[in-house]
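Chemist: Here is what each chain is made of, one letter per residue.
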Amino acid sequence: MNDATLTHLIPTSLGVSYLWLIPFLPLFGFLLNGLTGRHLRNNSWVNGIALGSVGASFLLSLYYFFQLLQLPEASRSLHQSLWTWFDVGAAQIAGQRLTFATVEWAYKFDVLSAAMALLVTGAGFLIHLFSTGYMEEEQKDFRYYRFMAYLNLFVFSMLNLVLGSNILMMFLGWEGVGLCSYLLIGFYFDKTYAGDAAKKAFVTNRIGDFGFMLGFFLIFMVFGSLDYDTLMGSARSVMALPSITLFGHTASPTFWMNLIGSCLFIGAMGKSAQIPLYVWLPDAMAGPTPVSALIHAATMVTSGLYMITRLNFIFVNAPAALHFILFIGALTALLAASMGLAQYDIKKVLAYSTVSQLGFMFMGMGAGAFTAGMFHVFTHAFFKACLFLGSGSVIMACHHEQDMRNMGGLRKYMPWTFWSMLLSTFAIAGIFPFSGFFSKDEILWKVFEGWYQGGTYQGSTLYLSTWLMGMIAAFFTAFYMMRLICMTFLGNYRGGGEDPYHLTVQGHSHGHDAHGSGTHVPHEVPWNMWVPVFLLALLAVGGGFLNVPHALHVLGHAHFSEWLSPILYQVAAVHEGVEAVSTMEYGLMIWATVIWAPGAMALAYWFYAADPSWSRAQRFVKQYPNLFEWVHARYYIDEFYEALLITPAKRLAGQLWSFDTWVVDGVVNGAARATLLFARISYWFDTYIVDGLVNFVAWLLQQFALLFKALQSGRVQNYAFVMLLGFVLLLFFKFLG
Amino acid sequence: MISLNTVLFISSLMFFIGVAGVLIRRNLLIILMSVELMLNAANLNLIAFARYSGTVEGQAFALLVMGFAAAEVAIGLALAVALYRRKDTVQADDINLLNG
Amino acid sequence: MNALFSTIGQNLFLVFGLLACAGAAVMILSTSAVHSVLGFLFSMIMVAACFLCLHAEFLGMAQLLVYAGGIVVLFLFVVMLVELTKYKEKSLFTTQFKWSLPLVLIALGIFAVTLKSNLFGPAAPVALSLSPDLAQGLSATAQNAQMVSRGLFAGFLLPLEILSVILLVALVGALVLAKSERVS
Chain E
0 MNDATLTHLI PTSLGVSYLW LIPFLPLFGF LLNGLTGRHL RNNSWVNGIA
50 LGSVGASFLL SLYYFFQLLQ LPEASRSLHQ SLWTWFDVGA AQIAGQRLTF
100 ATVEWAYKFD VLSAAMALLV TGAGFLIHLF STGYMEEEQK DFRYYRFMAY
150 LNLFVFSMLN LVLGSNILMM FLGWEGVGLC SYLLIGFYFD KTYAGDAAKK
200 AFVTNRIGDF GFMLGFFLIF MVFGSLDYDT LMGSARSVMA LPSITLFGHT
250 ASPTFWMNLI GSCLFIGAMG KSAQIPLYVW LPDAMAGPTP VSALIHAATM
300 VTSGLYMITR LNFIFVNAPA ALHFILFIGA LTALLAASMG LAQYDIKKVL
350 AYSTVSQLGF MFMGMGAGAF TAGMFHVFTH AFFKACLFLG SGSVIMACHH
400 EQDMRNMGGL RKYMPWTFWS MLLSTFAIAG IFPFSGFFSK DEILWKVFEG
450 WYQGGTYQGS TLYLSTWLMG MIAAFFTAFY MMRLICMTFL GNYRGGGEDP
500 YHLTVQGHSH GHDAHGSGTH VPHEVPWNMW VPVFLLALLA VGGGFLNVPH
550 ALHVLGHAHF SEWLSPILYQ VAAVHEGVEA VSTMEYGLMI WATVIWAPGA
600 MALAYWFYAA DPSWSRAQRF VKQYPNLFEW VHARYYIDEF YEALLITPAK
650 RLAGQLWSFD TWVVDGVVNG AARATLLFAR ISYWFDTYIV DGLVNFVAWL
700 LQQFALLFKA LQSGRVQNYA FVMLLGFVLL LFFKFLG
Chain B
0 MISLNTVLFI SSLMFFIGVA GVLIRRNLLI ILMSVELMLN AANLNLIAFA
50 RYSGTVEGQA FALLVMGFAA AEVAIGLALA VALYRRKDTV QADDINLLNG
Chain H
0 MNALFSTIGQ NLFLVFGLLA CAGAAVMILS TSAVHSVLGF LFSMIMVAAC
50 FLCLHAEFLG MAQLLVYAGG IVVLFLFVVM LVELTKYKEK SLFTTQFKWS
100 LPLVLIALGI FAVTLKSNLF GPAAPVALSL SPDLAQGLSA TAQNAQMVSR
150 GLFAGFLLPL EILSVILLVA LVGALVLAKS ERVS
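Taken in order, these protein sequences are the chains called E, B and H. Counted the way numbering that gives the first Met the number 0 counts, the first sequence spans residues 0 to 736. Counted the way numbering that gives the first Met the number 0 counts, the second sequence spans residues 0 to 99. Counted the way numbering that gives the first Met the number 0 counts, the third sequence spans residues 0 to 183.
I should point out that these hints are in silico values taken from the structure, not numbers from a laboratory. Owing to the predicted nature of the structure, the values given are computational and were not obtained by experimental measurement. Cβ coordinates follow ideal geometry from the N, Cα and C atoms, glycine included. Any given hint might turn out to be false.
Reference excerpt, derived from the structure (chain E facing chain B, CB under 10 Å, subset only) [what the hints assert, rightly or not]: (1) Gly598; (2) Leu602; (3) Arg714; (4) Phe720.
Below, a list of computed lysine-lysine pairs in the BS3-like style, where the Cα atoms sit at most 25 Å apart [what the hints assert, rightly or not]: (5) H:Lys178 to B:Lys86; (6) E:Lys198 to E:Lys649; (7) H:Lys115 to E:Lys733; (8) H:Lys178 to E:Lys708; (9) H:Lys115 to B:Lys86; (10) E:Lys199 to E:Lys649; (11) E:Lys190 to E:Lys139; (12) E:Lys649 to E:Lys190.
Please model the entire structure based on the sequences and the hints provided.
Modeler: Here it is, written out as structure tokens:
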């Protein structure tokens, strides 16, 4: 690592030699905790290692962020190459060209990576801090170090994903976060549902990863490299080619870009929970709540967005893929938001909310507004992490009760949590000065603009229809979030035996071992839990001003969009929308923030808070029982998958098993038997024919020898006798002959 | 005076008694004594030849043979004792290590 | 009577020789080892007498000293040392007894026939003689020991010395063989 090379235009005085520490510090934390945690009797050591490594990583990211700020806009990129990871020699790619590209283990700290690294380490640190309080129970046995080690490993993988300077590094992180997600969802692996949820998440992600891999294989075949800078630099020349021939198929570059974009988006579907691969995310709530906040709201699920933004030069040139993304994003936003309307589990509501918000982000990507989508990633990370951690506090305060029907009236018991979550709710609903307004309405406006076209209304109707879906989803969002606040914090506490309206249910308590079901009083959580929540709430309130839309330039600047512009292939919107400020934009803003979202929230308040017995809601459900049933059961999509895909897959597996058992094993066993038979014959031949001949010769010699053996008696007197015999014979010849 | 042939006959008789002793007896000590007997028969011959040829060499040679016989007896008896210690036997036909 | 004595005196050698053979026969046929040794002793004494009859006085005395005085006693010691009673149940003679005895008799017969046909002729006894320079001042009949010693040291000095070395080697060898084995 000493020979880390400095490239690009960086003055050496800045130095990048410690860049590698940003991802590696959490890795060291993971190794230290994972290998020795069992023997650290004191959990404060575990805490110190885990929080210290992530915190140091955050500070280092902050340091390099300020280094970036000092650089001119065009060259804001730090690069550190540690070693060559793969050296494939020469590889033949499209058009009979040869590439000599190597894959470096290199880190690239540019505008996008910097923002993501700050998000990952910053939010990650707050969530680590929250975990020290939330995982109080686990601290008593020896599971706690494992949890913290996994969290650190996750942070390492995520940083590898966002800081890697080529697609393979990103893929390494991509798979790493998938692994950590599996490990953390299945943290309570002694519970069946947690194990099942972990497997579901892993397998679903594998389907997406397959698409992702195909995507970057194709990129390598077309571009001959996986390095971002090289790809970005050669994108224009590739697009200028008249046609590209690959695998015997000749087509225009746009065709291949569409193909690559679609494959990559399939990967993003898995990781970022889009239809049809979103099903794992709600189940992933089986993990501890900080995990839900860190992985399934703030960071990991945004890796698909990061990937699209990072590879925007592909997607800009792939209009069909963009339309695909736009449609899927809108559909996901709408369906997931509607599913959130009828959930009682507080974490499930937030899970569907996450899926829905991810849909919004993909809408932004699909409309070509990469910076708007990315910005929503950030604001969403703040308010959704805050909401998730807040829900964790609520769950803990209610002694591991997750059903909202058994909560209520928590406002007076836990004021810090209430205010933090309320602010975040305003943010996610998109009320004016809160951050959600700036990010979500920007996305919706960009989509609308695709149809609006500067007042000519000549854009594709796809933009109009997806915009409408997005608007409805936004309405739903505001509704279910207010519903959550009302059911949880307003009214009277329904736990502990007080239940005037018979709303509580004796549910199965998901999560930890349910204890203390008797009378108890909720209480505010300790400081190390509400402080992160409150900090995140503050970010959710003020974060929007980082990227004020052009129309509201009196309030500030679009810092975020300008910051990201160096990595964009094309700054202007894809659909050639006119950037001019129009009255339409102001009209939509006012509509959204004054009527649309507040209306939904007021409706929810009217349903659930103004009427503590929820009779209006129950009457509505009675009136449309099927509708409620369908929404509550999430449109039976899981069951649909079960019937359409999983059962046939299982049946196929069973048939393959039979085939394997009867045919393959049969052939193998038959061959074994034939071999055995042959061996027996050969053994017989060897024993009786070959050995027989040899033994016969030996026997012959032995018999011959036995004839003379008797002469050798070993007795001296026999020899003397023979001597005398010879003497006597001699005498005969000598004297008598 | 007896003739030389008589002496030779007596000595050959003694010699063959010795040979018979070597061939038929199993006791190692008696075999050794028979060998001594054969040597004495030879000595008798030597002395007889000296007596009938008038030369002194026959008697001198008989003296040498007597010395050899003494040495042979010493070694033979030592072997017999060692054999008895080692193999617990003095029977000649028990010693057949060269049996094929 | 005188004639008889004269005849016996003339044939004294024949008497001693036959007695020696009889002792030898006792030796090889006796069931008791001690009897065998005694037979051997008797035979040796008779052989010494035969030597005297053949005018080898020195050798006769030496025979008595060496055999009757030394070797027979040695045999007797060893016979006492070795416990022979435990071979009582075994047969006295070897299995080749019935083959070897006829063969010995045949050989003896051949010798007898050969000697009967007068191989060497009727030789008369001749007095011992030495070369004149060796025999100076000696009476061949009266001074037998001196005669023998002169003949020995004149013609057989080297064999005598070799014999002395052989005796020494036999002495040492017998010691080594017969001494009890050292516990290693």
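Chemist: Work down the list of hints and note, for each, if the structure agrees.
Modeler: Structure-based check of all given hints:
no.	hint	verdict
1	Gly598	violated, 122 Å
2	Leu602	violated, 119 Å
3	Arg714	holds, 5 Å
4	Phe720	holds, 6 Å
5	H:Lys178 to B:Lys86	holds, 15 Å
6	E:Lys198 to E:Lys649	holds, 15 Å
7	H:Lys115 to E:Lys733	holds, 16 Å
8	H:Lys178 to E:Lys708	violated, 36 Å
9	H:Lys115 to B:Lys86	violated, 47 Å
10	E:Lys199 to E:Lys649	holds, 15 Å
11	E:Lys190 to E:Lys139	holds, 19 Å
12	E:Lys649 to E:Lys190	holds, 23 Å
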